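S.K.: Turn these sequences into a full structure, and let the hints guide you.
Number of protein chains: 2
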Amino acid sequence: MAEVFLPKGMRDLLPAQMIPRLAVIDTVRGVFRRFGFEPLETPAMERIETLMGKYGDEGDKLIFRVLKRGEGGERGEVDQALRYDLTVPLARVVAMNPALPMPFRRYQIQPVWRADRPQKGRFREFTQCDVDICGSESPLCEAECLAVASAALTELGFRDFTIRLNDRRILAAMAAAIGAPDRLMSMVTAIDKLDKIGEDGVRKELAQHGFAEDAADSLFAMLNGGHIPGIEAEDAGLDVIISHAQALGVPAGRVVKDRMLARGLDYYTGPVYEIVVTEPKIGSIAGGGRYDELIGMFSGRSVPAVGVSLGLERIFVVMEELGMLGAAASATEVFVTRFAESTLTETLQAAAALRAAGVATSLSLEGGKLGKQLKQADKLGARWALVVGPDEAKQGLVQLKDLRGGGQESLSLAEAIARVQQAR
Amino acid sequence: MAEVFLPKGMRDLLPAQMIPRLAVIDTVRGVFRRFGFEPLETPAMERIETLMGKYGDEGDKLIFRVLKRGEGGERGEVDQALRYDLTVPLARVVAMNPALPMPFRRYQIQPVWRADRPQKGRFREFTQCDVDICGSESPLCEAECLAVASAALTELGFRDFTIRLNDRRILAAMAAAIGAPDRLMSMVTAIDKLDKIGEDGVRKELAQHGFAEDAADSLFAMLNGGHIPGIEAEDAGLDVIISHAQALGVPAGRVVKDRMLARGLDYYTGPVYEIVVTEPKIGSIAGGGRYDELIGMFSGRSVPAVGVSLGLERIFVVMEELGMLGAAASATEVFVTRFAESTLTETLQAAAALRAAGVATSLSLEGGKLGKQLKQADKLGARWALVVGPDEAKQGLVQLKDLRGGGQESLSLAEAIARVQQAR
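Just so you know, the sequences run in chain order F and C.
Under this note's numbering, read the first sequence as residues 1 to 424, first letter to last.
Under this note's numbering, read the second sequence as residues 1001 to 1424, first letter to last.
None of these hints come from the bench; they were simulated from the model.
Nothing here was measured: the structure is a model prediction, and the numbers come from that model.
For each residue, glycine too, the CB sits at the ideal point set by N, CA and C.
A few of these clues could be false.
Derived CB-CB ranges, DEER-like [unchecked claim]:
id : chain 1 : residue 1 : chain 2 : residue 2 : range
1  : C       : D1292     : F       : L194      : 49 to 59 angstroms
2  : C       : G1371     : F       : L194      : 44 to 54 angstroms
3  : F       : K379      : C       : P1280     : 21 to 31 angstroms
4  : C       : D1160     : F       : T345      : 18 to 28 angstroms
5  : F       : A236      : C       : S1412     : 53 to 63 angstroms
M.R.: Next comes the structure, spelled out in C-alpha cells:
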C-alpha cells in the first residue's frame, strides 16, 4: 500500500469547516449582488504568457506551471499555468471581450494557487472574493470598492476594522524625492514588509537594493509625516474617495490615510488600500487598488480599472479566533431510523415526505439496534429522530423523538413535519 | 502586444452564463442538503500517485500534471496533478480520516480537469456535482443516490428522463460466459461506446482486443436479452434497488434495467447507473455506481462506497436547448443616476439605503447626460432608475423611473424602496 497524503500546502475542507465556510461565502455573495456587481468565473488555467510579468519577480516564481497534454507534454513542454489571482484573468477577459458594456462591475469568488512556503494558516490554494470596476476613472469606483468591502465585513459581524488608504503616486513622489524614481518597485516591495520586518528590516532591504542611508533617512521622514513635494492632487483625491465612501455608508473614521501602505503588486497605478483588524494580529484581510494600465497590456486599448479582494482564509481565521462563527449547524435535521424490515417502505416514504417539505433528512442505511442508530443520529448532530414501527405504521403514525430536549410523541407525518419546521 | 487567448479547452463564464448557472447550482445544493448530505471540498491538486491507475489507461492519459515548485520543478519534475473527478479524492479523504463517522454521506460541487480533445460543449475544465455514501453495503445507498439525482433533476424542471441500471458483476458474468473473464475492462470499455459507435463499431473494437467473432456474437445475444448464467442474485439486487428508490419518491417506470449499460471507469464493482434524457441527444447527464474497493486501495481497510455524479455542463446544454432556463435575471434592480454634482451626496446616500434594504443597486460612475445614463441602465437590464435632482433633494424626495412599464414618480426614499420591493 502506498502512503496516502496531500501535496505540500494543500488541504481538505471537511464538513465541519465547509458548513460555516459556505455560509460566509453566501453572505459575501449577497452583499456583492446588492452592490450591483455581476458574477464572472474564469478557468483555473491561463496561458503562461498571460500571467508572467504582472506580479513582480517574487510573484512570478510562485506561479504553478502545468504540463502540455498531447502535443509536447511528454517532452516536458509547458504552456499553461494556474491562476495566481483573479485580477489578471479579469483584465484578460475585458481585453478579449470589447463588447462588454462599460463600466463593467464584476464579482468573482474562486480559488487561486501560489507556491508560497506553506505555514500556519497559509495554503497553496486559497479562495479570493473580488469585486472590480473596469472602464471608469471616477473616484466613485474606489469609494464603491471600500463601501462593498466594508458592508461585507460588517454583515459577517466584523466591528473593529480600519481601511488604510494611500496612493501609489504618493509613493512614486517619495521615490522621486530621494532620487530613485526608477526604483519605485524595489522601494514599494521593501515598505510593504514594514509590518512584518520593522523599520530596521526595511532599511536593510533598501540597502541591499542600493539605496543610500541618507535616502532611507529621507524616506522614513516622509513616511512619518514629513513634507512630500508634488502630491497635492493625489492627497486631495484620497479625501474625495473618503467623502464618497462615507456617503455610501462607510462610517466616518473607518478610512484613514496612511503613507506607509505600499501593497506589493506591480500593477497598481493610483489609490491603494487594505483592511486590517486590530485583533488578532493577522495583517490585512482585504486589499486592492487602481490598476489603469493592466488591461492595456493585453488589449492595446487603455481601460482604467479598480478593485478590492477579500481574503476568505484570513477572514475565516479571524472569525474563528474571535468566536464569530457560532455553533456549527448540522447537515441533518431529522434522522430517520430503520426499525423493522416490515415497515421499511413506510419508513422510506416518511423520509421522502420530510425531504419534499424541505427538511434536511438523513436515513439509517444499515439498521440494527435502535440505540445504535440513535447514537449515529447524535453524532450527525440531528435535532430529531423518526421511528416508524409496526404499530405506528398500522395507524398511519410516526414517532418523533426530540434528541435535544428529550421526549417523544406519536404524530401523523404531517404533524411531525410541522413540529420540525416550527422548532427551527 | 502579445495576442490574447485562452489555453485549449478553457473558457470564461460571463455574467449572462453565470447568473443562471449559479441558480442551477443553488438548486442542486439545496436538494443535496435536504437528503442529508454533508459538504466537502478537496484541493485542485492531488499527488500524481493518488490519481494514476484509477480511471483506466485512457483516463490516465488525460490527467493534467503540474510541475514541482522549488525543489526540482526547474528540472521538469512532476509530483502533483489536477483532480480528474471527485470520487478518487473522496476515497483518499476517507482513507486519511479514519475517525469520520460512518456511513459518511457527502456532497461535493467542484470543477475537474481532463485533457480530452475539446469539442462542442466539451471543455477541459468542467463542474461535477457529486453525492456519495461511504461505509455501507446496503442497497438503500444506491436507492438514495437514484432518489437524490432524480429529485435534483425534477427540481430543475426535468420531466422526461430515464435511469438506466445495470451491475458490473452482470457484465463480468458475460465476460466469463464468452471465456474472457480476464478481459472484463476491455469489454466494458467497448460496450460503453455503443451509443456513440453502434454495434459494428463495438464489434470492431472487440476484435482489436482479441475477442473472436463468435464470442462477440454470444456477447451481443446476452446484451439483447439472452440467458446469462449465474446472475440471479445481482438481478434480484437491482429489483430491490428499484423498489427502494420508488419508496424514496422516484416515479415507477423511471428506473429501467439495461444490460447494455457499461460505464467506462475502472473502479466500479457492483451496480452502475446513468441518467439519460430523450431530447436532445446528448448522452447521459448523470451517472455513478458502487465502488467497494477504491478506498481500500488507499487505506488497506476495505470501505464500501457508492455515488452519483451530475454533469453540470450537460445539464446546462439540455436546459438551454429545451428553453428551461427562463429569461436571464439582471444583476441590477435599480440603477442610480448621477444627475448633478450638487446632489451627489444625496444620490450616494440613496444608493446606500437601497442596498441596505436588500435591493441590487448599481450606480452611474461617470455621470453625463441623463439620456446616456438611462441607456446604460437599460443595457444592464435594470428594472428601475432613480434620479435625485436639486428640487427633489430639497424636498427629501427621489424620482423613481419604471424602465419596463414606463412612467415616473416623485417619492420619499422609503416609498421608492417599498415600490421596488412590491414590484418583484
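S.K.: Could you tell me which of the hints above the structure violates, numbers in ascending order?
M.R.: Hint check: 3, 5 fail, others pass.
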